[in-house]
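Working from the sequences, and respecting the hints, build out all of it.
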Amino acid sequence: MSSLAELAQAVFQGDFRGSSVITQQLIDSGVTPMEIINQGLLAGMDIVAPKFKAGEMFVPEVMMSARALSEGMKLVKPLISDEDASKAATIVIGTVQGDLHDIGKNLVVMLLESGGFNVIDLGVDVAPDKFVAAIKEHSPKFVGLSALLTTTMMAMKETIDAIKEAGLRDQVTIMVGGAPLSQEFADQIGADVYCLDAVAAKEAAAGIVANAAR
Amino acid sequence: MIELEKMDEDLRGIHEASMTFLEQTGMMFHHPKVIEIMKQEGIRVEGKTAFFTREQVMAWVSKAPSQFKVYARNPKYDIEVGGDHVELCPGSGSPFVCEIDGNKHAALMSDYVTFLKLYHQSNYYNTNGGIMVQPTDIGKSTIPMMLYATLNYSDKVIITGTGSTEEVEKLMDMLGLVFGSKEALLEKPRCITIVNTNTPLQFDTTMLETMMVFNRYKQPVVIAAASMAGTTAPVTLAAAIALTNAEVLAGIAVAQMINEGTPVIYGCQSTTSDMKTGSIAIGAPEGALCYQYAARMAKSYGLPCRGGGSVTDAKTLSVQAGYESMLTLLASYSAKTNLIFQSAGIMESYNSMCYEKFIVDLEIIGMVKRYLGGVKVNADTLAVEVVQEVGIAGQFLTSEHTMQHCRKEPFLPDISLRGAVTGDLTESLLDNIRKQKEKMLASYCKPEISTDIQDRLVNYLLGCGLDRILIEGLKN
Chain A
1 MSSLAELAQA VFQGDFRGSS VITQQLIDSG VTPMEIINQG LLAGMDIVAP KFKAGEMFVP
61 EVMMSARALS EGMKLVKPLI SDEDASKAAT IVIGTVQGDL HDIGKNLVVM LLESGGFNVI
121 DLGVDVAPDK FVAAIKEHSP KFVGLSALLT TTMMAMKETI DAIKEAGLRD QVTIMVGGAP
181 LSQEFADQIG ADVYCLDAVA AKEAAAGIVA NAAR
Chain B
1001 MIELEKMDED LRGIHEASMT FLEQTGMMFH HPKVIEIMKQ EGIRVEGKTA FFTREQVMAW
1061 VSKAPSQFKV YARNPKYDIE VGGDHVELCP GSGSPFVCEI DGNKHAALMS DYVTFLKLYH
1121 QSNYYNTNGG IMVQPTDIGK STIPMMLYAT LNYSDKVIIT GTGSTEEVEK LMDMLGLVFG
1181 SKEALLEKPR CITIVNTNTP LQFDTTMLET MMVFNRYKQP VVIAAASMAG TTAPVTLAAA
1241 IALTNAEVLA GIAVAQMINE GTPVIYGCQS TTSDMKTGSI AIGAPEGALC YQYAARMAKS
1301 YGLPCRGGGS VTDAKTLSVQ AGYESMLTLL ASYSAKTNLI FQSAGIMESY NSMCYEKFIV
1361 DLEIIGMVKR YLGGVKVNAD TLAVEVVQEV GIAGQFLTSE HTMQHCRKEP FLPDISLRGA
1421 VTGDLTESLL DNIRKQKEKM LASYCKPEIS TDIQDRLVNY LLGCGLDRIL IEGLKN
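Chains as they are written, first to last, in the numbering used here: chain A, 1 to 214; chain B, 1001 to 1476.
Just so you know, these hints were derived from the structure itself, not from any lab.
Here a beta-carbon is modelled for each residue, glycine too, at the ideal position from N, C-alpha and C.
Worth double-checking, as some hints may not be accurate.
Simulated restraints on C-beta separations [stated by the list, open to error]:
id, chain 1, residue 1, chain 2, residue 2, range
1, A, GLY190, B, PRO1032, 28 to 38 Å
2, B, ARG1468, A, GLY190, 21 to 31 Å
3, B, ASP1137, A, GLN171, 42 to 52 Å
BS3-like cross-link-like pairs, simulated, lysine-lysine; straight-line CA separation at most 25 Å [unchecked claim]:
id, chain 1, residue 1, chain 2, residue 2
4, A, LYS51, B, LYS1276
5, B, LYS1140, A, LYS130
6, B, LYS1446, B, LYS1435
7, B, LYS1048, A, LYS130
8, A, LYS164, B, LYS1140
9, A, LYS87, A, LYS136
10, B, LYS1104, A, LYS157
11, B, LYS1117, B, LYS1475
12, A, LYS157, B, LYS1140
13, B, LYS1435, B, LYS1408
Right, dumping it as C-alpha cells:
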C-alpha cells in the first residue's frame, strides 16, 4: 500500500501514471481528500518549487510534476466538500485583447494550479468585457493580465478601466506581467502587483493569500 | 521553379517536414479576407485553418522575386536585396532603453531620434528607421510619427513598423507625398517592414493587415517567424527550423496570392529557449545555428533572407554581451544573410536598446567584416621585394610598404584597448565608447528635405490629428 510520501515523490519525479495509481489507492483506503492534496500532491510540489527557483529543475521537468499533480487532482477534486473547495483562492487569468502570446501566462497557470489555486484560464486575445463577465461568474480573488507586445499593453489599461466601470475593482487584486511591462507601467495603469516572471507571480499571489489567512 | 533535388540533404529533410506540417496540421490565419483569397485559389480551408499541399505552397513561393532593389531618398544608399548582398538594418522592437548597468527606462521619442542620428552616422548602414525603440510618449498612433522622424533625420533606405490597415495606409500616404504619388510606389520599392507569425502555425490579424497593405503597394515585407525551440517549437533544432520554414513559406505564398511578384524576404529569427526559465535565449549558439540554416534554406529556395544580428541575453554591458553578440553576428554575416536586423544596440533578449552597446556592436561589425573580407593574395600583398629589402633580422614598422598599407590592411578599432594603457583600466574602454558616441552625434547633420515635401507631410499629420508640438519638435 502506497503512502502520502510516495505520492509526493511521484509528483516530484513527474511520474503522472504513478501519481494517478497511488492517488486512487489512497482514496480507496479511506485517506481524506484534503490529506491527499496537502500531504501528497502539494507536498510533492513543495519539493519542486525551491529546486526550480535554484535552477536545479528545468521548466519541462516542473511541467511534468505539474502534470502528475493534475492527474491526482482529477481523481480527488470531485470528492472535496464544498466548504473545503471554497478555501482555494481563485484567479481569472488571460492574455489581453489583440495578443496571442501565452507561454508566460501558461507558466503562471501551471505554477498557480500546482500551488493549490483555482485557475480560470480565459486564453488569449481576451476582450475587457470577457474579463468582467468572468469576474462576475467566478468571484475571483485575483485577476491576472498578460501581454507580450508594446502595442497590446494598453489593452491592460482598458481591461482595468472596464473592471472599475463594472464596480468590481475593489473585489479583486489585479496582477500584471509580460516582457514589455515595468513597475512604472503597472502603477500608471492602476494595477496592484507587477510580476517580473511566473515565479514572482506565484509568490506574490501565495503571499497575499497567506497574509489574508492570518 | 525551385529545384528541390538540388537541395543539400539536411535542408531537403527540413523542407519535407515543413511540407508535412502544412499539409497535416495546417496554419491558422486570423483574417477573413485572407481565408477568402486562399479558398479562391483552391487551398483547403477549415474554419480559419489552411492546409496547403506541397505543390500549392511551392508553386506560389516560386512567384516571389529572388532579388530586388530598394530605393532611398538619397540614391547613394540604394540597396540590392538578395543574392549574396548583406545589408545591416537597425534594432527592432525594444520597449526600453538601458544603461550599461542594466537600469532602464521606457523608450521616448528623444531616444528614437538619437538612434536615427547614430544609424545615420554609421557607414555600415544604408538603412534607417523602423521600431528601433518603441516610443511611449507619442500617443497611440506611433508609426506615422516614427516615419516622419525617419524622413527628417535620415535619407537612407526606410524601415517602418506594423499596425492596422488604417495605420499602415497612412505610411503609404506619407511615402506617396515624398516620392511623387502612391501609384509611383508600385514602380519602386521605398520601404521595408517586418511582419511576424505566432509560432506554432498562426498569423494574427494586425500582421496580416500590415502585410496586405505592403503587398498591394509592392513594398518589400520581411515575413518572419521567431520560433523558440522548447517552448513554441519542439526543442530539437531541426524541428524548430522546419516549423519556422513552414510558417514563412505559407506567409510568402499568401503574399503572392495577394499580389503576384510582390517582393518578400524570408525571415527567421528563431532560436532556443532557456530550459531553466522558459525564456527566449537569443545569444545562444542554437540561435546562431538557426540564422545560418535560415540563410541556407532561403538561398536554396531562391529567396532573399533576413535573420540574426548582434544579439545578447545579457542584462548589463558585460562580457556576456560581448561573446554572445560576436557569435550571433559572425554566424549571420558569414551565412551571407541579405538583411540583418537587430545588428546594433540590442540588449536583454530584445527588451532594450543601449547606446553604449550600439557602439560596441559597431566594433564587432567592423571585426566581422574584416575577418570575412579575407586575405588578398597578389604581388603587392606578398611583398617579396619588401622582405628582400628589409632582410634577415630587420623590422617592417618603418618601411614604406607598411606606411602605404597601414590604414587599409588592418581593422582599425574605434574603441578596443591595445598596447599600453594608463589611468583607470576599467574606465578606459567605457571612456572610448562614450567618446565615440559623442563624436558620432556631434558630427551629425540633418539631410536635406524640400520645404514643399516637409509642408505636405506636416499638413498630412495634422490632418490625422497628431500633436502639432510633437511634429514641430521633430521638424526643428
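Cross-check of the supplied hints:
1. A/GLY190 <-> B/PRO1032: 28 to 38 Å: 35 Å, holds
2. B/ARG1468 <-> A/GLY190: 21 to 31 Å: 30 Å, holds
3. B/ASP1137 <-> A/GLN171: 42 to 52 Å: 33 Å, violated
4. A/LYS51 <-> B/LYS1276: Measuring from Cα to Cα gives roughly 10 Å; hence the hint holds.
5. B/LYS1140 <-> A/LYS130: 23 Å, holds
6. B/LYS1446 <-> B/LYS1435: With a Cα-Cα distance of about 21 Å, the restraint between B/LYS1446 and B/LYS1435 holds, given a limit of 25 Å.
7. B/LYS1048 <-> A/LYS130: 22 Å, holds
8. A/LYS164 <-> B/LYS1140: 22 Å, holds
9. A/LYS87 <-> A/LYS136: Cα-Cα ~18 Å, so holds.
10. B/LYS1104 <-> A/LYS157: 22 Å, holds
11. B/LYS1117 <-> B/LYS1475: Holds, at about 14 Å.
12. A/LYS157 <-> B/LYS1140: 13 Å, holds
13. B/LYS1435 <-> B/LYS1408: 23 Å, holds
The structure is inconsistent with hint 3 alone, although it conforms to all the rest.
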